[in-house]
Amino acid sequence: MNGLSLLAQLLDILLALLLAPLLTGWVNQWRAWLQNKTAPSLFQPYYTLHKLFHKELIVAHQASPLYRAAPYIVFGCMVLASAIIPTLSTDLPLAPAADAIALVGLFALARVFLSLAAMDVGTAFGTLGARRDMLIGFLAEPALLMVLFSASLISRATSLSTIVEGLAHQTLVIHPSLAFAGVAFTLVSLAENARIPVDNPTTHLELTMIHESLILEYSARHLALFEWAASLKLFAYSCMGLALFFPWGIANAKTPLLLLLALPLLVFKLAVGGALLALLETFSAKMRIFRVPEFLATAFLLAVIGMLITLLLTPFGKAA
Amino acid sequence: MSALIAQFINLLAALLLMLSFAMLAQRRILTLIHLFTLQGITLVLSTTVVGYVTSQPHLYYSALLTLLLKVLLIPALLYRVIDRLRVRREVETLINIPTIMLLGILLVMLAFYLAQPLSQMSSSVARGTLGIALACVLLSFMTMITRSKALPQVIAFLSMENGLFFAATSATYGMPMVVELGIALDVLVGILILGVFLFHIREQFDSLDMSNLEQLRDE
Numbered sequence: 150m151n152g153l154s155l156l157a158q159l160l161d162i163l164l165a166l167l168l169a170p171l172l173t174g175w176v177n178q179w180r181a182w183l184q185n186k187t188a189p190s191l192f193q194p195y196y197t198l199h200k201l202f203h204k205e206l207i208v209a210h211q212a213s214p215l216y217r218a219a220p221y222i223v224f225g226c227m228v229l230a231s232a233i234i235p236t237l238s239t240d241l242p243l244a245p246a247a248d249a250i251a252l253v254g255l256f257a258l259a260r261v262f263l264s265l266a267a268m269d270v271g272t273a274f275g276t277l278g279a280r281r282d283m284l285i286g287f288l289a290e291p292a293l294l295m296v297l298f299s300a301s302l303i304s305r306a307t308s309l310s311t312i313v314e315g316l317a318h319q320t321l322v323i324h325p326s327l328a329f330a331g332v333a334f335t336l337v338s339l340a341e342n343a344r345i346p347v348d349n350p351t352t353h354l355e356l357t358m359i360h361e362s363l364i365l366e367y368s369a370r371h372l373a374l375f376e377w378a379a380s381l382k383l384f385a386y387s388c389m390g391l392a393l394f395f396p397w398g399i400a401n402a403k404t405p406l407l408l409l410l411a412l413p414l415l416v417f418k419l420a421v422g423g424a425l426l427a428l429l430e431t432f433s434a435k436m437r438i439f440r441v442p443e444f445l446a447t448a449f450l451l452a453v454i455g456m457l458i459t460l461l462l463t464p465f466g467k468a469a
Numbered sequence: 639m640s641a642l643i644a645q646f647i648n649l650l651a652a653l654l655l656m657l658s659f660a661m662l663a664q665r666r667i668l669t670l671i672h673l674f675t676l677q678g679i680t681l682v683l684s685t686t687v688v689g690y691v692t693s694q695p696h697l698y699y700s701a702l703l704t705l706l707l708k709v710l711l712i713p714a715l716l717y718r719v720i721d722r723l724r725v726r727r728e729v730e731t732l733i734n735i736p737t738i739m740l741l742g743i744l745l746v747m748l749a750f751y752l753a754q755p756l757s758q759m760s761s762s763v764a765r766g767t768l769g770i771a772l773a774c775v776l777l778s779f780m781t782m783i784t785r786s787k788a789l790p791q792v793i794a795f796l797s798m799e800n801g802l803f804f805a806a807t808s809a810t811y812g813m814p815m816v817v818e819l820g821i822a823l824d825v826l827v828g829i830l831i832l833g834v835f836l837f838h839i840r841e842q843f844d845s846l847d848m849s850n851l852e853q854l855r856d857e
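Sequence order for the protein chains is W and P. Just add 149 to the spot in the first sequence (first one is 1) and you have the working numbering. Just add 638 to the spot in the second sequence (first one is 1) and you have the working numbering.
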């Protein structure tokens, strides 16, 4: 089965790379529809990437090598992250390389380099955005870790594919802790992907933008890589959420044929999830930046309660 | 099957706790009432499920009573009160909300710790939920003491009663019908009296801020 798992791994990465801009386009389309606007084409993110890759690269005079390296590092982190997250199959050869904690670390690494690069050129907006991004990051990461821990308490493993394997292929058990973890995860992924209650992904209004101000100085293929990395991050988070909370239909080592079924199912789940994300964004108003700690504290506390509930509600006979 | 139902009750208990937390963190009065209504619905569901699994028909009546009282009547009364008092604005909290949430989680831990030995002795389907019910009561109490306005305090008081009711149904399969009727009536009368109080407080001080009551002097 080694060849098959290799195939699953390759498919996993390729799918993430190719589908990620589509997911972004889909969410944007739904957002436009919900706001009674004429929607851009579903393939608009691809056109943008194509355009950006063919533009002339302009770099600030005082930029250091770090500034040039950052896009590749961030993009690499996101590709690696989507390689670890089980989208179609849990039988991934790369999965033992990094567990859920390392995954959070990967996201943090990307964030650190993005912020450093934003401060590198020394513009006011870059520094401002970097600070805000770090503020959000240091509150969101513990919450994300807690969400992953409450899932790993159930299957007693920190490897993401083992967790999903355990959740997907067992008899139906309702885990109340996952309800908490699910809400917490939604809040965290809204913050991490710069979606509306925390940041507006489409704005270029100076005082409110966070993610956009980080990449303000970048152009051409560097910018394209950042845009692609942002899509990949959204895709990775969506797939992680789907794998943890709606894991049905993911193939494993014993059932490789399920791969055929897993693909349309994944596309369907992502389509529904993307539409729901757009709906959520349309319903909520953007928060003041100083309300964000409160928002993320809520996420953290919900995740912690999820963990506590796992400990309380598991029957005393079994291991906690 | 019974294991699945027990898990379903656990899920409802978790939902109840989540709603209590949402109330703790909530700033708007209107949302507070929505959350209270949702809590009532969760309670109705859990009571019905416990009634079904233990085949005790009197729990169905008590679920029906909860539905009428806590999902329909009391929220309607509360809506009328906020309409008449015109208090749809944001609720002021005495401590800032992240601190409240942190204290809330400590309360949850305390409740779980206290309930652990108790639920080990119990033999009912949903014994694990006792800790959650206790946590709900404590959280509602916390909501009550951290709000400065009268109306959120009233809602928090009602939600505290929800927590107690949940503890009664899940841990001991409900109280005798007479007791339940008595409590239901008490809650109803309580909210009516509190409503009257609200109007009087407002008439006296032109606001519903409870800190005004600290400066009462005998004249």
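Hints were generated in silico from the structure; no laboratory data involved. These numbers come from a predicted model, not from an experiment. Errors might be hidden in some of the hints.
[Claimed, not checked] Chain P residues, not near chain W, derived (Cβ > 10 Å throughout):
no.	residue
1	Ala652
2	Arg666
3	Ser693
4	Leu706
5	Met782
6	Asp844
[To be verified] Heads up, incomplete: computed chain P residues facing chain W, CB under 8 Å, no partners named:
no.	residue
7	Ala651
8	Met656
9	Pro713
10	Tyr717
11	Pro736
12	Met747
13	Phe835
By construction, the Cβ of each residue, glycine as well, lies at the ideal position given by its N, Cα and C atoms.
These are the hints, each one checked on the structure:
1. Annotated as non-interface, Ala652(P) brings its C-beta within 10 Å of a C-beta of chain W; the closest such distance is 3 Å.
2. At roughly 13 Å from the closest C-beta of chain W, the C-beta of Arg666(P) stays outside 10 Å, upholding its exclusion from the interface.
3. A cut-off of 10 Å between C-beta atoms confirms that Ser693(P) is not in contact with chain W; the least separation is 22 Å.
4. Residue-level check passed: Leu706(P) sits 27 Å from the nearest beta carbon of chain W, beyond 10 Å.
5. For Met782(P), the condition that its CB be more than 10 Å from all CB atoms of chain W holds, with the nearest at approximately 19 Å.
6. The Cβ of Asp844(P) lies farther than 10 Å from every Cβ of chain W, with a closest approach of about 29 Å, so its non-interface assignment holds.
7. Taking 8 Å as the C-beta contact cut-off toward chain W, the hint placing Ala651(P) at the interface holds, the least distance being around 7 Å.
8. For Met656(P), the interface hint holds, since its Cβ comes within 8 Å of a Cβ in chain W; the closest pair sits about 6 Å apart.
9. Interface hint at Pro713(P): violated, since its Cβ lies 22 Å from the closest Cβ of chain W, which is beyond the 8 Å cut-off.
10. Because the beta carbon of Tyr717(P) sits about 21 Å from the nearest beta carbon in chain W, more than 8 Å, this interface hint is broken.
11. A hinted interface residue such as Pro736(P) counts as satisfied when its beta carbon comes closer than 8 Å to some beta carbon of chain W; here the least separation is about 4 Å, so the hint holds.
12. Against a cut-off of 8 Å between C-beta atoms, the interface hint on Met747(P) holds, since the closest Cβ of chain W lies about 7 Å away.
13. For Phe835(P), the interface hint is violated, since its Cβ never comes within 8 Å of a Cβ in chain W; the closest pair sits about 31 Å apart.
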